[in-house]
Amino acid sequence: MTDHAIWAEGLVKRFGETTALDGVDLAVRTGTVLGLLGPNGAGKTTAVRVLSTLIRPDAGRATVGGYDVLTDAHRVRQLIGLTGQYAAVDEMLTGAENLLLIGRLLGIPKARAKQRATELLTQFDLTDAADRAAKTYSGGMRRRLDLAASLVGRPPLLYLDEPTTGLDPRARIELWNVIRGMVSGGVSVLLTTQYLDEADELADEITVIDHGRVIATGTPDELKAKTGSQSLAVRPEDPSQVPIVTSVVGELTRATPDVDGSRVMAPVSDPTVLPAVVRRLDDAGVVVTELTLRSATLNEVFLSLTGHPADDIDDTDSEGTNS
Amino acid sequence: MTTATITAPAAGELSHRVSPADGLRQTLTLAWRTIVQVRHNPWELGDFSFQPILFVLMFNFVFGGAIAGSPDGYLPYLLPGIIVMNMLFVTMYVGTGLNTDVTKGVFDRLRSLPIARWSPLAGRIIADQVKQAWSIFLIVGIGVLLGFRFQTSLLSVLAGVALLLTFALAFSWVSVFVGMMARDPEQVQMVGFTALFPITFVSNAFVPAETMPSWLEGFVNVNPVSHLANATRGLMLGGPVAEPVTWSLLWAAGIVLVFAPLSVWAFKRRV
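As they're listed, the protein sequences go chains X and P. Everything in the first sequence is counted per the numbering used here, starting at -5 for the first residue and increasing by one. Everything in the second sequence is counted per the numbering used here, starting at 752 for the first residue and increasing by one.
Keep in mind that the hints were calculated from the coordinates and are not lab data. Watch out, some of these pointers could steer you wrong.
To be verified - Straight-line Cα separation of at most 20 Å, SDA-like style, residue types lysine to any residue; simulated pairs: (1) X:LYS129 to P:GLU937; (2) P:LYS1019 to X:GLU11; (3) P:LYS855 to X:GLY160; (4) X:LYS108 to P:VAL787; (5) P:LYS1019 to X:LEU64; (6) P:LYS855 to X:GLU85; (7) X:LYS108 to X:ARG148; (8) P:LYS1019 to X:PHE9; (9) X:LYS129 to X:THR159; (10) P:LYS855 to X:ARG126; (11) X:LYS108 to P:ARG790; (12) X:LYS129 to P:LYS855; (13) X:LYS129 to P:GLU795; (14) P:LYS1019 to X:ALA53; (15) P:LYS1019 to X:VAL6; (16) X:LYS220 to X:PRO265; (17) X:LYS129 to P:PRO793; (18) X:LYS220 to X:THR266; (19) P:LYS1019 to P:THR851.
Said to hold, decoys possible - With the Cβ distance kept under 10 Å, some of the chain P side facing chain X (calculated, not the full set): (20) SER766; (21) ARG768; (22) VAL789; (23) ARG790; (24) ASP852; (25) ASP859; (26) ARG862; (27) SER863; (28) SER870.
Unchecked claim - Label-pair distances were calculated between CB atoms; the ranges are: (29) P:ARG1020 to X:ASP215: 37 to 47 Å; (30) X:TRP170 to P:TRP869: 30 to 40 Å; (31) P:LEU808 to X:ARG126: 26 to 36 Å; (32) P:LEU967 to X:THR130: 41 to 51 Å; (33) X:ARG106 to P:LEU896: 38 to 48 Å; (34) X:ILE209 to P:PHE801: 58 to 68 Å; (35) X:ASP52 to P:PRO771: 24 to 34 Å; (36) X:ASP52 to P:MET941: 30 to 40 Å; (37) P:LEU909 to X:ASP119: 43 to 53 Å; (38) X:GLU3 to P:THR945: 43 to 53 Å; (39) P:THR945 to X:LYS104: 38 to 48 Å; (40) X:LYS104 to P:THR917: 28 to 38 Å.
For every residue, glycine included, the Cβ atom is placed at its ideal position computed from N, Cα and C.
Just chain X, with the same shape it has in the complex (with noise of 0.2 Å):
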C-alpha cells in the first residue's frame, strides 16, 4: 500500500446512538486530491478526524504514509497538514505569530521558522496584515492563515475539511488555486467539500459518502457519466407541448426526465446535449419561454446515486458552525 498515502478498510465511528461512519473505505493514492463530497452529517469530518488521529475509530483500520493511525499516531501526525471546518487560528496572536508558534511546535529553529512565517504569508497574500491580531482578519483572510499554518513544516499530505464553506465566490477561486498549486508541488491532500463543483474542480477521484456509507467512488468523468454533471430544463411556451418536449428530452439525454408543471428537466451528461434539443424542438415547431443547462446539485446527485434527496441534518461530528 506504499502507494497509498492514506489508506483505510471498514472505519467505523459511532457517538452514542448515532453511526457517523458505517464502514468507510478510503484510498488516497500518493500525490493526488480525493474528493470526500456528501453532505451535512455525512461523516466527512468524522473520517478526517479519524484519519488525522484526533478520535478512535471503533472498528476498521487506518494507515496514512504506511503508519496505523491508532499504534503509530505520532509517526503519522508528522506527515500531515490539518485544516479544519472553520478557521483554527489564534486570534489573540497576529498572523506572523501563529506561523511562528507552528514552526517553533515542529521544532524549526527560531531564525527559519520566521523565515518560514515571512515566506507563508507573502504566499497567502497576508504580509500587510502580518503584525495585526487574527481576530481583525476578514474570514476569507483567516482561512489563509489558517491554510498557511497547515503548511509550516510542507507536510506532504494535507487534509482541507470544507476548506471553502462560507467563503465569497472570489475568495473560493483564490484558494482552488492555491490549492492547485500546492497539488502541483506533489503533496497529496484529502479534500472534504459538500459542492460538486469544488470536487470536480480539484479533486482526481470522489468518493461520496452519505450517512457514514460509501456510496460511489470514481473519477469526476465517471461520476459525471453515472449521474450526469449537469441539469437542462425547458419550457413551452404553449403547456400542451410538454408531452413533446418530454420526450425529445428524453430521448436526446437517455434520461427519464421530471415534469413540473409545465418544466421538464432531465440530468446531462454530454453539453453537446444542447444544440441537438434547440434543433430537434425548432425541427417540432415547439417555442420555448425556458432553456437552461446548470450545473447539477449535489441533491440531484444525491437523488441519482442513492434515490433519496441529501437529507439536510445537522452534522453531528462538527461541534462548531460555519463562519
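For chain X, the structure is supplied; the task is to place chain P on it using the hints.
Chain P in isolation, oriented as in the chain X frame:
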C-alpha cells in the same frame, strides 16, 4: 512509484514518540504563546494587573476605617486576603483559554501536530504561574507604596509565594474542569465568578471570622481561602504558620485528587 512512501522533508527518520526534552520545549513555546496573547488583549492584562491594584485601593480606603479603625491598620490584614482572592480569579484564565482553544478549533490543530499530548495543558499552567507571580508582585508593590512592610525573613516571604503558586497550580484543575464543561469562554467566566465570589468573601480574607454570626464562622473556618490567607499572613507578617500551611496543602491535594480525574473525564467527553 511503488515504494514511494511519503516522508516529511528534512525530517529523515520519523520518531515514534516525543522525547521529554522536546515535550518541555513545546510546553514553553505554548506558554510563550499564552503570554503573547495578553499583548493583544489588554482587557485580560487589566484583569490581573489593574484590577488587583484597584481592589487594594478600594478595600483599603473604603473599608479600612470601618473594619480596623484606619486604612493603615487594615492594610497588613487586607493585603494577604487580596493576594489570595486575586490568585483564585487569575486561575480562571486557564479554563477560559482552554475552552477558547476547543471551541475555536485551535485545540484540534495542536492535537494534530507531532507534539507531546500534555504540552498544551502544561503550557497554559506555566503561563498561569507567570501571571500569578506578576499579580503577586504588583499587589505587594502597591501595598509597599501604601506602607505595607514584611515582618519576617525573605525566605519566609518566598515560602509564602511558593505556597500561593502551589495552591494556584492545584486550583487550576478546577478551572480546567469548568473550561472543559462550559459551552463557551463566557460561560467559564460566569461560572468561575459565581462560584469564586462567595468562596472568597465568606472567608477571613477581608474580615476576621470572629465578627461573623457563629453559623457563618463555622464555614469560614474550614474554607481553604481562610487557611491560605492565614498562612500568607503568617509567612509574611509572622504568627502561626504550621497549621494554616498544612491545611492549605491538604486542601490543594484534595482539590487535585477530585478535579484532576474529573477534568480528564470531561476532556475525553469533549474531544
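Tested hints:
no.: 1; hint: X:LYS129 to P:GLU937; verdict: holds, 17 Å
no.: 2; hint: P:LYS1019 to X:GLU11; verdict: holds, 18 Å
no.: 3; hint: P:LYS855 to X:GLY160; verdict: holds, 16 Å
no.: 4; hint: X:LYS108 to P:VAL787; verdict: holds, 16 Å
no.: 5; hint: P:LYS1019 to X:LEU64; verdict: holds, 16 Å
no.: 6; hint: P:LYS855 to X:GLU85; verdict: holds, 9 Å
no.: 7; hint: X:LYS108 to X:ARG148; verdict: holds, 15 Å
no.: 8; hint: P:LYS1019 to X:PHE9; verdict: holds, 13 Å
no.: 9; hint: X:LYS129 to X:THR159; verdict: holds, 19 Å
no.: 10; hint: P:LYS855 to X:ARG126; verdict: holds, 18 Å
no.: 11; hint: X:LYS108 to P:ARG790; verdict: holds, 19 Å
no.: 12; hint: X:LYS129 to P:LYS855; verdict: holds, 12 Å
no.: 13; hint: X:LYS129 to P:GLU795; verdict: holds, 15 Å
no.: 14; hint: P:LYS1019 to X:ALA53; verdict: holds, 19 Å
no.: 15; hint: P:LYS1019 to X:VAL6; verdict: holds, 19 Å
no.: 16; hint: X:LYS220 to X:PRO265; verdict: holds, 15 Å
no.: 17; hint: X:LYS129 to P:PRO793; verdict: holds, 14 Å
no.: 18; hint: X:LYS220 to X:THR266; verdict: holds, 17 Å
no.: 19; hint: P:LYS1019 to P:THR851; verdict: holds, 17 Å
no.: 20; hint: SER766; verdict: holds, 7 Å
no.: 21; hint: ARG768; verdict: holds, 5 Å
no.: 22; hint: VAL789; verdict: holds, 8 Å
no.: 23; hint: ARG790; verdict: holds, 8 Å
no.: 24; hint: ASP852; verdict: holds, 8 Å
no.: 25; hint: ASP859; verdict: holds, 6 Å
no.: 26; hint: ARG862; verdict: holds, 6 Å
no.: 27; hint: SER863; verdict: holds, 4 Å
no.: 28; hint: SER870; verdict: holds, 8 Å
no.: 29; hint: P:ARG1020 to X:ASP215: 37 to 47 Å; verdict: holds, 44 Å
no.: 30; hint: X:TRP170 to P:TRP869: 30 to 40 Å; verdict: holds, 38 Å
no.: 31; hint: P:LEU808 to X:ARG126: 26 to 36 Å; verdict: holds, 35 Å
no.: 32; hint: P:LEU967 to X:THR130: 41 to 51 Å; verdict: holds, 48 Å
no.: 33; hint: X:ARG106 to P:LEU896: 38 to 48 Å; verdict: holds, 46 Å
no.: 34; hint: X:ILE209 to P:PHE801: 58 to 68 Å; verdict: holds, 59 Å
no.: 35; hint: X:ASP52 to P:PRO771: 24 to 34 Å; verdict: holds, 32 Å
no.: 36; hint: X:ASP52 to P:MET941: 30 to 40 Å; verdict: holds, 36 Å
no.: 37; hint: P:LEU909 to X:ASP119: 43 to 53 Å; verdict: holds, 51 Å
no.: 38; hint: X:GLU3 to P:THR945: 43 to 53 Å; verdict: holds, 50 Å
no.: 39; hint: P:THR945 to X:LYS104: 38 to 48 Å; verdict: holds, 42 Å
no.: 40; hint: X:LYS104 to P:THR917: 28 to 38 Å; verdict: holds, 32 Å
Of the numbered hints given earlier, the model fails none.
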